[in-house]
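**Q** Sequence:
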Amino acid sequence: MEVILIKDVDKLGYANDIVDVRPGYANNYLIPQGLAKSATASARKILAENLKQQAHKEAKLVGDAEALAAKIAETSLKLTAKAEEGRIFGSITAAHLAEALEAKGITVDRKSISLDAVKTIGAYEASVKIYKGISATVHFEVVAEE
Numbered sequence: 001m002e003v004i005l006i007k008d009v010d011k012l013g014y015a016n017d018i019v020d021v022r023p024g025y026a027n028n029y030l031i032p033q034g035l036a037k038s039a040t041a042s043a044r045k046i047l048a049e050n051l052k053q054q055a056h057k058e059a060k061l062v063g064d065a066e067a068l069a070a071k072i073a074e075t076s077l078k079l080t081a082k083a084e085e086g087r088i089f090g091s092i093t094a095a096h097l098a099e100a101l102e103a104k105g106i107t108v109d110r111k112s113i114s115l116d117a118v119k120t121i122g123a124y125e126a127s128v129k130i131y132k133g134i135s136a137t138v139h140f141e142v143v144a145e146e
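According to UniProt numbering, numbering within the sequence shown proceeds without interruption in unit steps and concludes at 146.
It cannot be assumed that every hint is accurate.
[What the hints assert, rightly or not] Below, computed lysine-lysine pairings styled on DSS-like, alpha-carbon distance capped at 25 Å:
#1 K11 with K37
#2 K78 with K37
#3 K37 with K60
#4 K7 with K132
#5 K119 with K57
#6 K129 with K78
#7 K57 with K71
#8 K119 with K104
Just so you know, the hints here were simulated from the structure itself, not pulled from any lab data.
I would like the entire structure built from these sequences, with the hints used as guidance.
**A** Pasting the structure below:
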């Protein structure tokens, strides 16, 4: 039985995918849970039109995300922290980086920043996930407070 997924389903597919599943799985789980709907001819036409409209929106979002990635990549940050003998008290977190980027006029969610533990003075890199498949690397330096 073919169904159109409404939401992402692990190990099955993403939203708006047409997948072939067993009738019992579709009728007893996917459709009642609101995860899928039957792939009738009219539902396929509606899906095709919706995908066409989403493609235009998606292109704009990808363009904006790529511009933001380029802006982040050319930005270098300098963070200060209390330190003694090269080791800082505490650590630099994604929240610190998000605040520093915000000060430069770049708004990103702290949850989209991934970095390793930063506990010493030095130069580091962090990855910022911006959009599906688009990420940027931000370079930052940790220095001791005067």
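**Q** Let me make sure I understand: some of the numbered hints might not hold for this structure. Which ones are they, in numerical order?
**A** 2, 3 and 5
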